[in-house]
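Asks: When you get a sec, could you build the whole thing from the sequences and use the hints?
Chains as they are written, first to last, in our numbering: chain X, 1 to 297; chain S, 1001 to 1302; chain L, 2001 to 2340.
Please note that a few of the clues may not be correct.
Unchecked claim - Listed next, the in silico DSBU-like pairs over lysine-lysine satisfying Cα-Cα at most 30 Å (straight line): (1) K2188(L) to K2131(L); (2) K2256(L) to K1053(S); (3) K2145(L) to K1053(S); (4) K1053(S) to K28(X); (5) K2288(L) to K1053(S).
As the list claims (entries may be wrong) - Covered stretches of chain S (chain L as the covering partner; in silico rule of three or more C-beta atoms under 8 Å from a C-beta of chain L): (6) 1124 to 1134; (7) 1147 to 1153; (8) 1156 to 1164; (9) 1218 to 1227; (10) 1238 to 1247; (11) 1255 to 1262.
Derived by calculation from the structure, the hints in this document are not laboratory data. For every residue, glycine included, the Cβ atom is placed at its ideal position computed from N, Cα and C.
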Amino acid sequence: MSASTPGSIARGPRRDEGIAHRLARRRKRRNLIVAGLCIAATVLGLVLLASILITLLWLGGGGLSTTVFTTVTRPPGSHGGLLNAIIGTLIQTVIGTVIGTPIGMMVGTYLAEYGGNSVFAGVIRYVSDVLLSAPSILIGLFIYQLIVSPMGGFSGIAGSLALAVIVIPIVVRTTEDMLRLIPTSLREAAVGLGAPKWKVITFVCYRAARDGIVTGILLAVARIAGETAPLLFTSLGNLNWSLSLARPMASLPVTIYQYAGSAFSDWVQLAWTGALLITVGVLATNIIARTALRGRG
Amino acid sequence: MGDAVFAAAARASGGFVLVLLGGIIVSLFIGGLPAFRRFGVGFITNTDWDPVKQIFGAGVSIYGTLVTSVLALILAIPLAFGIAFYLTELAPAWLRRPVGTAVELLAAIPSIIYGMWGFFVIVPLMGQIIEPWVIDTFGDIPVLGVLFQGPPFGTGIFTAALILSIMVIPFIAATMRDVFETVPPVYKESAYGLGCTTWEVMRSIVLPYTRVSVMGGVMLGLGRALGETMAVTFVIGNTDRISSSLFGPGNTIASIVALEFPESPAGSLKLASLLALGFILFVISFIVLAISRLLLRTRLRP
Amino acid sequence: MKLKATALAMILAAPWGAAHAQTQITGAGSTFAAPLYSKWGEAAAPTVGVTLNYQAIGSGAGINQINNRTVDFGASDMPVSGDQLSAHNLMQFPTAIGGVDIIVNLPGIQANQLKLTGEILADIYLGKITKWNDPRLAEVNHGLKLPNLAIAPVYRADGSGTTFVFTDYLSMLSPDWKGQVGASTSVKWPAGSGAKGSDGVAGTVRNIRGGIGYDETAYAAQNHLTTALLRNKAGQFVAPTPAAFAAAAGSADWSKVQNFAIDLNNQPGAASWPIESATFVLVPKDAKNPTQTAAVLKFFGWGFANGNQIATQLLYIPLPDAVKADIRAAWASQVKTATR
Chain X
1 MSASTPGSIA
11 RGPRRDEGIA
21 HRLARRRKRR
31 NLIVAGLCIA
41 ATVLGLVLLA
51 SILITLLWLG
61 GGGLSTTVFT
71 TVTRPPGSHG
81 GLLNAIIGTL
91 IQTVIGTVIG
101 TPIGMMVGTY
111 LAEYGGNSVF
121 AGVIRYVSDV
131 LLSAPSILIG
141 LFIYQLIVSP
151 MGGFSGIAGS
161 LALAVIVIPI
171 VVRTTEDMLR
181 LIPTSLREAA
191 VGLGAPKWKV
201 ITFVCYRAAR
211 DGIVTGILLA
221 VARIAGETAP
231 LLFTSLGNLN
241 WSLSLARPMA
251 SLPVTIYQYA
261 GSAFSDWVQL
271 AWTGALLITV
281 GVLATNIIAR
291 TALRGRG
Chain S
1001 MGDAVFAAAA
1011 RASGGFVLVL
1021 LGGIIVSLFI
1031 GGLPAFRRFG
1041 VGFITNTDWD
1051 PVKQIFGAGV
1061 SIYGTLVTSV
1071 LALILAIPLA
1081 FGIAFYLTEL
1091 APAWLRRPVG
1101 TAVELLAAIP
1111 SIIYGMWGFF
1121 VIVPLMGQII
1131 EPWVIDTFGD
1141 IPVLGVLFQG
1151 PPFGTGIFTA
1161 ALILSIMVIP
1171 FIAATMRDVF
1181 ETVPPVYKES
1191 AYGLGCTTWE
1201 VMRSIVLPYT
1211 RVSVMGGVML
1221 GLGRALGETM
1231 AVTFVIGNTD
1241 RISSSLFGPG
1251 NTIASIVALE
1261 FPESPAGSLK
1271 LASLLALGFI
1281 LFVISFIVLA
1291 ISRLLLRTRL
1301 RP
Chain L
2001 MKLKATALAM
2011 ILAAPWGAAH
2021 AQTQITGAGS
2031 TFAAPLYSKW
2041 GEAAAPTVGV
2051 TLNYQAIGSG
2061 AGINQINNRT
2071 VDFGASDMPV
2081 SGDQLSAHNL
2091 MQFPTAIGGV
2101 DIIVNLPGIQ
2111 ANQLKLTGEI
2121 LADIYLGKIT
2131 KWNDPRLAEV
2141 NHGLKLPNLA
2151 IAPVYRADGS
2161 GTTFVFTDYL
2171 SMLSPDWKGQ
2181 VGASTSVKWP
2191 AGSGAKGSDG
2201 VAGTVRNIRG
2211 GIGYDETAYA
2221 AQNHLTTALL
2231 RNKAGQFVAP
2241 TPAAFAAAAG
2251 SADWSKVQNF
2261 AIDLNNQPGA
2271 ASWPIESATF
2281 VLVPKDAKNP
2291 TQTAAVLKFF
2301 GWGFANGNQI
2311 ATQLLYIPLP
2321 DAVKADIRAA
2331 WASQVKTATR
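Replies: So this is what it looks like as C-alpha cells:
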C-alpha cells in the first residue's frame, strides 16, 4: 500500500513540525471540503426529490375530488375523471404480474436449485439481465410485432403481455437471490425427512423465502404500474369504459401522456392529478416492499 | 416422478427466457429489414430524416441517444459518488436508512413524471434564466462558444441530459454504495490507523479497490439512460437535425419512436425505419450491459 | 389477489351507466377539429342517441387508425389523395373550416401588432432569417422597434394536420421551401425546435423570448397568445379574426375539387386570412359494421344541421349550405350504411 502522505513521516516528527502541521491542516481542509461537497450532493438529491413531490402535490392535489375516481374520461369541459384509466392500469398490472411471476419464479428456481454455475445457467442469468435493462419501448415494439399486428388491433391483453415481459426478469433476480440465501441445512433437513426435491423447493424453500419473493413481486408491480412506453403501441388507450381485453384499454400513464400535451386546462389538470396518483401508488408500494424486506431480511 | 416434471418445467422456463430475448431481437430485425435493405449500412450514419422524400437515416437519433446519455453520466457520476460516499462514510448511522431510501425513491418515480416535471419546472428555468445567461456569457468564446449558441429554447439536448442524469443518479449511487461496502474493513482500518482522513481512505483505498465495479455501475446507469423514453420526449425538442450547440434540440431513438410510431402506416418504410432504429438501440444496450456485467461480476456476485 | 378479484367482480356487476341505449362511435385524428367534435358530441348525445369518443392524436395517426379500421372514423386536416382513398376504400368529407394563427413572444409587442409575410415566415423556418431586427422584418414593420433577439421557431413534433396546413402555405409562397422541405403532416424542418402537441407549441413559445410558432385559432384564443398579422394574396395585412376566416372561406370554389379536397390557403380577397383549411373526416365506404358508419353520418348530419352556432363560438367557419347538400348526396351514394 503506497503511503498516502508525502515524506513527512520519513523525515521525523520534531524537525518538520511546521510542515507536518501545515500538511495536516491542508489534508483536514481538503477532507472537509470533500465532505461538504458530498453533503451538498446528497442534499441536492433530496431537494430534487422534494421538488418533484411538491410539484405533484401542488399541481395535482388541486384536482383531487371524488369525480376523478368515479367518472370515466370525458371530452374537455365535461367534468370527466380518470376511472377507466385507473381500472385499466389495475387490470393490466394484475394480469401482467399474474403471467410474469410464475415464469420468473420458475426461472429463478432453476438458477438457484438446478442450474447452479453451469454454462446454461450463466447464459440464462445474462439473458435475464439483458431483459431487465432493456428499454421498455422496445418491449412494446416487440409485442406490437408479435400480437398487435397479426391481431389487427390494439388490445388490453397485448398491453398486459408487454408488462409481463418486464416483470419476468425482476422476479427472476429476486427469486434466485432469495433462494440462494436459504441455508443448506434447511434443505438437508427436509431431504432427511424423505421429501423429494420438488417438495423441498415448493414447501420448504418457497415458504422460507416467501417474504423476499413477495417483495420482489411488489417491486415489479410498482415498476410496471408506472410504465408508459410499452403500453403506447399495445393497449393504446381508450377514452371509454371498457373492460374487454380484446379491445384497446385505458391506462393511467398513457392517459396522462395524452392529456399533458393537450391544450385544454381541465385535461392538463387531470394529467397532474393522475401523475400524483401514480406516484403516490408507486412510492407507497416501494416503501412497503423495502420495509418488509428489511424487517425480515 | 414429480421431481422429473418439476425439473423439466424449471429448465423449460429457462429456455423460454432465452427464446423470449431471441424473439425480441429477431422481430425487431425482421421488422427493420426493409429499411436496412433500402438504405444499406449507410442507414446508420445517414443524418437525413425526411418523411416527405421518404429518406430515413439513424444518424441524428443515434447521435442524440449517445450524446444525451454520455452527458447525463458526466453530470451524474460526481453527484452519485458524493451521495454514495456520504451514505457509506459520512452519514450518522440513524440517517443512513432514511436518506438511502429517499435516494432509492428517486429511482422508483415513473419516467413520465420526470417528463412532466422536466417540461413544467426545469424547461422554464433553463429557458428563462440559465440558458440566456450561459449564452450571453460563453457564447462568444472563439472555439468553445459554438457549444453554447442559439436561441434559449429551454428544451434541447442539455436539458434532456440533465433530466436523465437525475434519473440515473440513484442507480449509480446504489451500485457504488453496495460496492463500497464490500471493501474489507481491515484495509480501511489500517489506513485510518495511519492517520488518513476519510477522503484519503476513499481516494486511496476504496476507489482503487472498487474501481472496476464502479465502472460497472456507471455502465448500468448508461444502459438505463440510453433507453429512457418518456422523460426525454417531453424535453428534447424533437428535431431531426444535429445541432452543434448543447442547447440545440435533437432526438433520441426512444423519443423518435414514441413520437412517430402512431402516425406510421403499417408496412410503410417509415415503420420499418423505426423498427430498425429499435434494433440498433437494442444492440447498443446489449453491448453496454455486457461490459457492465463483466466489470461488476468480479465484486458483487457471491 | 382474492380481494382484487372480488373488487373487480363488484365493479363489473355494478351498473356504471354506460349508455347502452346509445350507440358509441369512436373517432381519432386531428387536434385542429378536436374542440369542435367534442362540443358537438356533448350537444348531440341526448337528441341523436350517439355518444362520441374522440381521441385527438394528430391527423397522421388518425388516418392510420381508420386505414386499419380500429376506429369508426378518422379526422385529418390534410386531405387524403384520391389513390389513397380508393386503396383504403374510404370516403372523405369536410366538416368545418378553421384558421391557423402565427403566435410570437416578443417583449413589448402586443397582439396583432407584428406584421409578417409568407416569404419571411418561410425564410425564418428555413433558418435564413435568424434575428428579429433583420432588415427584411424591419421593412414590413415601419415604426415598430424590433429587438436584437434570436428568432426561435417552434413547430409541431408529432404528426399534425396543422403542420400540413402551415407547410402547404409556405410551399405556395416560397419555392425554396417547396423544393427543400415540402408539405406534409411531418416534415424535415431545417431550423427550430419541436414541441409535442398544440399545448407544447404554445407553452414553448410562451417560454422563450423571441419565439414564434403556429397554432390552431381556438387554442391561440383560449391561451391568450400574442398573434401576428399576415399579408394576404391581395397585399393587405390582416389579423386572424373570424371575419378574415369567413372572407377566405367565402372565396373558395368548391366545384373544381375532387373528393371535397379543397385547399383554402392563400385565398384572394382583401380581407382574407391566408392560412386556412377545411378539416376532413374519413369513413369506410364498406364497413364491416355499417350501423356504426350510419351512426357516424347521423352525428355529422346533426352537426351540419344544428352545429353552426357551436362552430362559430369556437372560431370555426361552418361550411356553405350548398357544400353540405353535396356531402349528404355523396353519403347516400357512396357509403354503405345498412347491412343488405
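Asks: Check the structure against each numbered hint from earlier and tell me which ones fail, lowest number first.
Replies: Violated hints: 3, 4, 5, 8, 9; rest satisfied.
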